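Enquirer: Protein chains in written order, with the working numbering: chain X, 370 to 687; chain P, 88 to 389; chain L, 67 to 423.
Some hints could be false.
[What the hints assert, rightly or not] Partial selection, computed: residues in chain X whose CB lies under 10 Å from chain L:
no.: 1; residue: GLU577
no.: 2; residue: ILE578
no.: 3; residue: TRP579
no.: 4; residue: GLY586
no.: 5; residue: ILE587
no.: 6; residue: VAL596
no.: 7; residue: MET600
no.: 8; residue: ALA606
[What the hints assert, rightly or not] Only pairs whose alpha carbons sit at most 27 Å apart, straight line, appear in this in silico DSSO-like list of lysine-lysine:
no.: 9; chain 1: P; residue 1: LYS376; chain 2: X; residue 2: LYS490
no.: 10; chain 1: L; residue 1: LYS357; chain 2: L; residue 2: LYS381
no.: 11; chain 1: P; residue 1: LYS105; chain 2: L; residue 2: LYS84
[Unchecked claim] Take a look, some chain L residues computed to stay more than 12 Å from chain X by CB distance:
no.: 12; residue: SER69
no.: 13; residue: ASP90
no.: 14; residue: GLN149
no.: 15; residue: SER150
no.: 16; residue: MET157
no.: 17; residue: ARG161
no.: 18; residue: ALA179
no.: 19; residue: LEU194
no.: 20; residue: ILE241
no.: 21; residue: ASP260
no.: 22; residue: GLY352
no.: 23; residue: MET372
no.: 24; residue: LYS381
no.: 25; residue: GLY406
No lab work stands behind these hints: they were computed from the structure. None of the values given here were measured: they were computed from a predicted structure. All C-beta atoms in this analysis are idealised placements derived from N, C-alpha and C, irrespective of residue type, glycine included.
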Amino acid sequence: MTQVAQGGEGAAAGFASAATRRKPRLRKRLNVQSVLGTTPMIATAVGVFIICIIFSIIWSFTNSKLFPNFNFIGWAQYQRLWSTDRWIISVQNVAVFGVLSIVGGMVFGYLLAVFMDQRIKQEDLFRSIFLYPFAMSLVVTGLVWQWMFDPNLGIQSAVRQMGWTSFEFAPLVKQETALYGVVLGGLWNGVGVTMAIMLAGLRGVDSEIWKAAKVDGIPTWKTYLFVVLPMMRGAIATAFILQCTGVVRVFDIVIAMTQGGPGVSTQMPAIYVIQHITDRVNVGQGMAAATMMLLPVMVLIGLQYLVRWNANRRAGRA
Amino acid sequence: MTNLAATSAGAISARGPKPRTLTASRIGVYAFLIIAALFFLLPLWVMVVTSLKTLPEIRQGHLFNWPELLTFEPWLKAWDTACTGRDCNGLKPGFWNSVKITALSVPVSIVVAMINGYALSFWKYRGSEFLFGVLIFGAFVPYQVVIYPLIIGLSKVGLFATLPGIVIVHTIFGMPILTLLYRNFFASLPIELFKAGRVDWAGFWGIFFRIMLPMSVPITIVAVILQTTGIWNDFLFGTVFAGRENMPMTVQLNNIVTTTTGVREYNVNMAATILTAAVPLVVYFISGKWFVRGIAAGAVKG
Amino acid sequence: MTSSVSIRELSLSFGHVKVLESLDLEVAQGEFIVLLGPSGCGKSTLLNCIAGLLDVSDGEIHISGRNVTWDEPKDRGIGMVFQSYALYPQMTVERNLSFGLRVARMPKPEIDARVKRASEILQIEPLLQRKPVELSGGQRQRVAIGRALVRDVDVFLFDEPLSNLDAKLRSDLRIEIKRLHQRLKNTMIYVTHDQVEAMTLADRIAIMKNGVIQQLDDPHTIYNKPVNLFVAGFIGSPSMNFLRGQLTGTDISVDGQTISIASYPFESHAGGPAVLGIRPEHVALGDEARKMPVQIESEIELVEPMGADTIAWTKIGTQSLTFRAAAEVHLVPGQKVLIGFDPSRGSVFNAESGQRI
Chain X
370 MTQVAQGGEG AAAGFASAAT RRKPRLRKRL NVQSVLGTTP MIATAVGVFI ICIIFSIIWS
430 FTNSKLFPNF NFIGWAQYQR LWSTDRWIIS VQNVAVFGVL SIVGGMVFGY LLAVFMDQRI
490 KQEDLFRSIF LYPFAMSLVV TGLVWQWMFD PNLGIQSAVR QMGWTSFEFA PLVKQETALY
550 GVVLGGLWNG VGVTMAIMLA GLRGVDSEIW KAAKVDGIPT WKTYLFVVLP MMRGAIATAF
610 ILQCTGVVRV FDIVIAMTQG GPGVSTQMPA IYVIQHITDR VNVGQGMAAA TMMLLPVMVL
670 IGLQYLVRWN ANRRAGRA
Chain P
88 MTNLAATSAG AISARGPKPR TLTASRIGVY AFLIIAALFF LLPLWVMVVT SLKTLPEIRQ
148 GHLFNWPELL TFEPWLKAWD TACTGRDCNG LKPGFWNSVK ITALSVPVSI VVAMINGYAL
208 SFWKYRGSEF LFGVLIFGAF VPYQVVIYPL IIGLSKVGLF ATLPGIVIVH TIFGMPILTL
268 LYRNFFASLP IELFKAGRVD WAGFWGIFFR IMLPMSVPIT IVAVILQTTG IWNDFLFGTV
328 FAGRENMPMT VQLNNIVTTT TGVREYNVNM AATILTAAVP LVVYFISGKW FVRGIAAGAV
388 KG
Chain L
67 MTSSVSIREL SLSFGHVKVL ESLDLEVAQG EFIVLLGPSG CGKSTLLNCI AGLLDVSDGE
127 IHISGRNVTW DEPKDRGIGM VFQSYALYPQ MTVERNLSFG LRVARMPKPE IDARVKRASE
187 ILQIEPLLQR KPVELSGGQR QRVAIGRALV RDVDVFLFDE PLSNLDAKLR SDLRIEIKRL
247 HQRLKNTMIY VTHDQVEAMT LADRIAIMKN GVIQQLDDPH TIYNKPVNLF VAGFIGSPSM
307 NFLRGQLTGT DISVDGQTIS IASYPFESHA GGPAVLGIRP EHVALGDEAR KMPVQIESEI
367 ELVEPMGADT IAWTKIGTQS LTFRAAAEVH LVPGQKVLIG FDPSRGSVFN AESGQRI
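With the rest of the complex left out, here is chain X (with noise of 0.2 Å):
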């Protein structure tokens, strides 16, 4: 039955064809089932993408509170947005907790992908072992952070009973040091995948280049940094791009670690948008933070094709 129905369907369709074939084949050429099948791609662009993300824009140019309206305040919103200390903190936060993880994640996925890379007979437990927290959610990895860090009964009182009884390991009671307390739990899910795309990276350089500088002496720890590491630009902005993206977005982790406090210490601008759009009821105000967190990913793209049109250029010259 299906045969049939599939067999009307590609006669209509190569009939629709017979008209292009004289034509080179990938052309774009209008094909209404290639449409059809695609709308919800269509949607999602179009719909979702485009569309929600121009109302999210424009209601925060808009009183909003608890429902959405059209009410034109001009950039209040922005003006009230950044003199709030809560948001100013937010941003600062995530500036430090992205330096931080990101440049930790880096150094430590690229050290470990270098140690993986030594002929380890054990490659793939250690792998697994590495990967492991990456599967795990990031509420999984806040609360199993949060436990290991309680002040009465986690690591530092673990360690004051063996005997060191002025350990001090609590990051996440303490105003000052609770971000450092999330950047190690987000370290401990993400650096295996970080470790994962060095290896890769690694694994995919020349084994003649290796041959090249054993014969030219060069020390292994040399090769890596000044030879291998640089002809790795395209594993190291994978790992970099999708450590800005987890950056940018990071929510759970926090709600699960430290619902954001002790006081504003862990507050992300996440976190602020959806408090904004949900419990104060200001959609207005949310929508204003939820725009600028557009910003940095707009200039990350437009750097992008910074560097993409640059290579162009250079290409041509050549």
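Assemble the complex: chain X is given as a structure, and chains P and L must be docked to it using the hints.
Expert: Chains P and L alone, transformed into the frame defined by chain X:
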């Protein structure tokens, strides 16, 4: 010949494989890896031992010790009777909600993405590349920027806080990565395959079902792993879009653990945490290298 | 004759797979040795062992009179050139040449002098400030050779250095490598699967198969007096004709046709199944054939005009025989011709052992 023998005479003759000495650097490599492995394994160990201890024993400290009195009570409680506010049904309802959401969202999102990738590789139309560009842009957009208008849109059509609603949301936000995954896969297939299909007069769906679908089994395994773990582990969309009726396990876990009424039952909390992590962990350990491939595929180009 | 590289009873196995088996090779000072063979014959493996990039399972390697079996590659007094060039992509040509020397903390003037000399020899001075991506394949390979040159070593190792280049560049660079050898007079060990490269460059060719050197001789001997069927079949294009038959005394009977090969310089007399090998260019046609000790009436089956000459296919009994005819000779399929050859220029092998008789 004789002069050759003379040259090597005298010195201790190096012959055969270089004797393997356990060098300091070799020890260093293993030491580093083992310490790193301990760092990654420690939380899992703590989770497990805590969940098997009684509360009095936990209150004594000794975070890392194996329980003196083994108990499975916390596990039963976490599953069956742990409280979120006034509801005391444990994680059970959340588990089944997550099963429902995942079981529906994974196939829907994958089918949609597969067709997208196929169309984008072989049946481009005016504007299709632009749409793909927008989709990739969507992969980098912070969710918070689109969430609120999406809430309004879904409530207008009566799907907000419903099961179909959350399925749609997962399909939307899974689409960029999955479409990229499938587009790259189909683009890597030999174009002759498609040409042969055209010669046999098979159209859009004919080629899709007869040629492309059977070939995309491996990439679909990767996609299933990616989506199953991704959707199961989701927290934000569950909080916002699922509503009380369909609250997924992660949200419920967080509610149970952070609930402030009564004594904090650390052992129950940890048991609940393990239960929530169990499904993706099982997927991870069964899928092994496919999981790594999924990450790499999800990360390509970025 | 002083020995530059000496390999003694070298064996290498990966797990249960034996890649090299008790291999001996003596390379004289200033000699150009080519390791030739089909892929998987162990030629690159052998080169990597000499370079110290692979740990051997057994045996010894001596370079310039020193036992280097356990030495690091950099301490062996070798330079190496690779198929993929293996240039450090983010460094300029100058940095590429000098990186190893800098790491070894050689004084700056000395480095500059060596880089200058190498770039003069290879004529890459204008390229010194460029990066490898801005170079053509041929230029990259020169830089790679330069990197071996600045090391100022006695032994150069080449691992299929021309395989990534197109045919034209390949022949140009081949000549340059030959010039380089004539100028520097270093010992060179060169791995290739290209028999033209081997024949043109080598002082001696080592033909390898399954980790064993089949024959080690100068190109002329390899071509004209192959020691076994493998070497005979591997060298030459179109390849040598093999006529299988029965040897009795100095007569070989091929599919009932008896050919007298009394003029063949037998090294040992043994009857039984044998293979008579004749190169296509040693088969004469028509009037020329009449002067030959062996003359056979035959019929043309297929003609392949190659431009410079023509390859024709005929049969002796049921066995194919190709021969090379001058381009002017007009041949058509079905035509009866007289062909002839001189057995003294051919080769006779024992059909069972494959060894030359």
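Enquirer: Hints the structure violates: just list their numbers, smallest first.
Expert: 8, 14, 15, 16, 17
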